[in-house]
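Engineer: Residue-level listing of the chains:
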Amino acid sequence: MTLGTSAHGRALARAFVEGDERALEELYRDVSSLVYSLAARALESTADAEDVTQQTFVSAWRGRASYDPDRGDLRGWVVSIAKRRIADALAARAREARREQAVQGIHVTTVDEHADKVLLACEVEALGDPRATIVALAYYEGATHEQIAQRLGMPLGTVKSHLRRSLIELRNRWEVSDVAS
Amino acid sequence: MSHLDDDALASIAIGDGTPDELEHVATCPECAAELASFTAMTARLGALDSEVLAQPPAELWQAISSDLTPHPDSEPAQERAVPVAPADDLATRRNARRARTGARWWTLGAAAAAGAVIGGVGVAALGSGDDQVRSVLASSALTDLATEQPAGEATVEVLDDGQRVLVVDTSDVVQRDDAYLEVWLIDEQIEGMVSLGHLTGDHTVFTLPDGVDIAQFPIVDISIEPVDGVPTHSGDSITRGVLGT
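Chains U and C supply the protein sequences, listed in that same order.
For what it's worth, our numbering labels the leading residue of the first sequence as 57, then goes sequentially.
For what it's worth, our numbering labels the leading residue of the second sequence as 1311, then goes sequentially.
If a hint is listed, it holds; no wrong ones were tucked in.
Taking CB as the label site, the calculated pair distances span: (1) U:ALA63 x C:ASP1512: 24 to 34 Å; (2) C:ARG1486 x U:PRO125: 23 to 33 Å; (3) C:VAL1522 x U:ASN228: 40 to 50 Å; (4) C:GLN1485 x U:LEU212: 46 to 56 Å; (5) U:ARG78 x C:ASP1488: 44 to 54 Å.
The hints are simulated quantities; they were obtained by calculation from the structure and are not laboratory data.
Virtual Cβ for every residue (Gly too), placed ideally from N, Cα, C.
I would like the entire structure built from these sequences, with the hints used as guidance.
Structural biologist: What follows is the structure, given as structure tokens:
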């Protein structure tokens, strides 16, 4: 995940707005896992998640003129489109079920809950290895620092140092994205 | 002892704090608050698992890229829209608000109507089939009238049950305590208007009454309405766009 405020991210955003399809392709490589995961979790259907992912990128492309690079990062913008498409899909289901009001209320919260988890998982991925692996072992799997050191054949001090740096980076990025959203 | 730096705080968060550091953080509210942001992060991480991120199937990109070439009659709205709806100047609007007369609509909207930037129109099918196909009847970029900056997008869509809705996506409208935001469709003469309801967030969907013709009321207008019980438009428009017909 290299988007955001980096120089590369800004250049990509400009190319995207100007209609460069390669920029869309790069954006897709970068964000499709996030969008698809969000949709799959919220909709609990891989077929619907594929539809939403497709709709999201097609909408983003067609609506690229309305994206303002100065106002926030491209990834966040795509995620906001995805959330709307997910909400639309949930609302369509709810209409079918003829209990729109009740269901919509429940699902709006659910989309955001999933969003936080998926976004954070993306940030962890973006740490790159070995940090992403170390964080996953420590927090997803609950491995001790010693177990991690052993499994990765890495000195204990190095594992701890990676964990500290990862936490600092994740916390800083998370605060930035909280402010932006 | 001076305040703890991030490395020390992260040390504590991973269970490695020294007695000195732990003692400091127990007595220093500032550092305790910083530490809380680290422990909140470890709690969030602890709630994740390796299944959270999934990859879409490889063929999905092919489906998307083949969907990008626009059909002649479903040209993407924004490509034709120049996202600058003319803005009336602030002073005019303030005066208009004071006056609250019918005539204000001319001053308010003359520019918008005269130099109307027509948003894209046409029927663009969104989605890939199934039951989620929706049609976009018209759309328009929204413009902040004070800054002339893009302020989002308004789209008229037909849902799969035939209901028409106006979807207003605007992220930069500030909700105020002493007033609310109302969304209107206004005719080009700035004489007739239809209130669609209150803007409650950055994505609000308004159901269009069946009799309302968007060709007749093409101007999408967001106004600040003081909570004064007066049901008419305050004259204090902040955002506008023009739907094509």
